[in-house]
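S.K.: The lines below spell out each chain.
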Amino acid sequence: MHNIYLNNITLIKNERKILSEVNVHFPKGKTSVIIGPSGCGKSTLLKVAAALIPIDSGNIFVGDKNLFKMSPVDLLEFRKNSSFVFQDAALWANKSVYQNMSLPLKLHYPNMENDIHDNKILEMLRLVGYTDSIDLIPAALSNGERKMVSLARALINSPELIYMDNPLVLVDPSVAKKIKKLIMDIHNSNATIIANFSSPELIKKIADFLIVMKDGKIVETGDIESILNSKNPNTAIIISSLINHS
Amino acid sequence: MLGKLGRWLINHIKALLYGLGFFFQIIKATFGFIKNGRVGRKVLTMQILFTGVQALNNISLIAVALGAVIIIQGVGILPQFGQGDLIYPILITIITRELGPMLCAFIIIARSGTAITTEIGSNVVNHEIEAYIATGVNPLSYIAVPRFIGVTLSLLLLNFYFNFFGLIGSYFITQFIYPIQAAEYFHKILYNLHLDDIVSSIIKSLVFGVIISVVSIYYGFQVEQSSTEIPQMTIKAVGTAFVLCILADALIVLIYYT
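So the sequences go chain by chain: Y and R.
Note that the first sequence covers residues 2 to 247 in my numbering.
Note that the second sequence covers residues 4 to 261 in my numbering.
Simulated from the structure, these hints should not be mistaken for laboratory data.
Note that the structure is predicted; figures quoted are calculated from it, not measured.
Take the hints with a grain of salt, since some may be wrong.
In silico EDC-like cross-links for lysine to aspartate or glutamate, where the CA-CA straight-line distance does not exceed 20 angstroms [to be verified]: (1) K45/R x D136/Y; (2) K17/R x E16/Y; (3) K14/Y x E232/R; (4) K96/Y x E133/R; (5) K14/Y x E227/R; (6) K17/R x D57/Y; (7) K107/Y x E133/R; (8) K18/Y x E227/R; (9) K96/Y x E122/R; (10) K14/Y x E133/R; (11) K81/Y x E133/R.
Chain Y on its own, in the form it takes in the complex (with noise of 0.2 angstroms):
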């Protein structure tokens, strides 16, 4: 997987700009988190990293292919290699946990045996710490056990770039633990992560990045230690803000 770069873009709703002439590039192998206050578009801007909703101008380079103009067979090859982590969850209301996880795997290996793609689900369930019945629809998870689903289901191809929308909010303790020390795994198997966390202490701990927001606008963008020891105004009231939040 290679560099993502987002260049002018914008992004239009309701006559209001969530997303004002963004510049920003995610580094190969790195993890980039973006921080910034409630509703600066946070969010909004992994999305659009993942080019997973529509914008009004601007492009999105992976390495130095367009993901708007890539050809039916490279994006293929772009969502095998990728992944997404919703705040929600976002797991498919009509299928099983089975059913969440297979598709996935059907679409890029579809040659691939059944013992070992049922083995493959298992073994990424097991990973989560998901021990219920494989069967089981969404609806009748709990609010945990979605979030490990929906964690299994974004690493069952092995992705090396893996986009996180707040994964740990929701999650009882014990849960968002599981969750942190996978996240950890994941970084150090060198896999591109971008993300938007509110745990400073994970922060801290993994970001290679900083990528700090403010009214669908960047604001600064550097390693941690640099955007820690910011002279900019907004920096350090965002970087304070979720501090103290915490």
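Let chain Y serve as the given structure and place chain R on it in line with the hints.
M.R.: Then chain R, alone, in the frame of chain Y:
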């Protein structure tokens, strides 16, 4: 005033062009699905089961009852004017040409159209569509196309059932009230049933199926972020599908019989 009218016109033309673009995207994705629709086949089967098979009870009951009503009324009134044999062309005009496709369409709008808009709307609100995109699944191929094919095929099949039960099933019901010779009844039905009637009925079913599925899918995807938008879009989908089906019916009749 003129400015408002201009903006209204521009917005409607934009919406129409967007809708047409959406329709052509579905048609394009349908060819891709036919060539390589391995992942969405189960969705297609489920759609046909829900739309075509589970609606069979309602459709057959309505068809039998409607056919019986037409025969009973016709046999009671028409002979008084010396036009007893007109009951057969009337039966075919109402059941095969007009009410068959139209009533099936109305039932499918109420049953499947609403279900499709609601389901896709919920998928949007719960970020399931984004999860499909992130996985590499094209929502148009996986969600829209199976529903488009499923509803269109199901409407065609339901129209066949409707004609079968309307023309044949109702005969048996009327035997309790106005006994008619079976040989005479079926001979006259077949004599009055022309290829034109059958083709017109098939064309209408297909056109109505396309309208209902595309409109329902389109409004499902129009939901943006709030669950309160789902019933609003469902109401719009139902209203639009009704109006477009009736307009299409009028247009087909106009083209076909003039």
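S.K.: Going back to the hint list, which numbers does this structure go against?
M.R.: none
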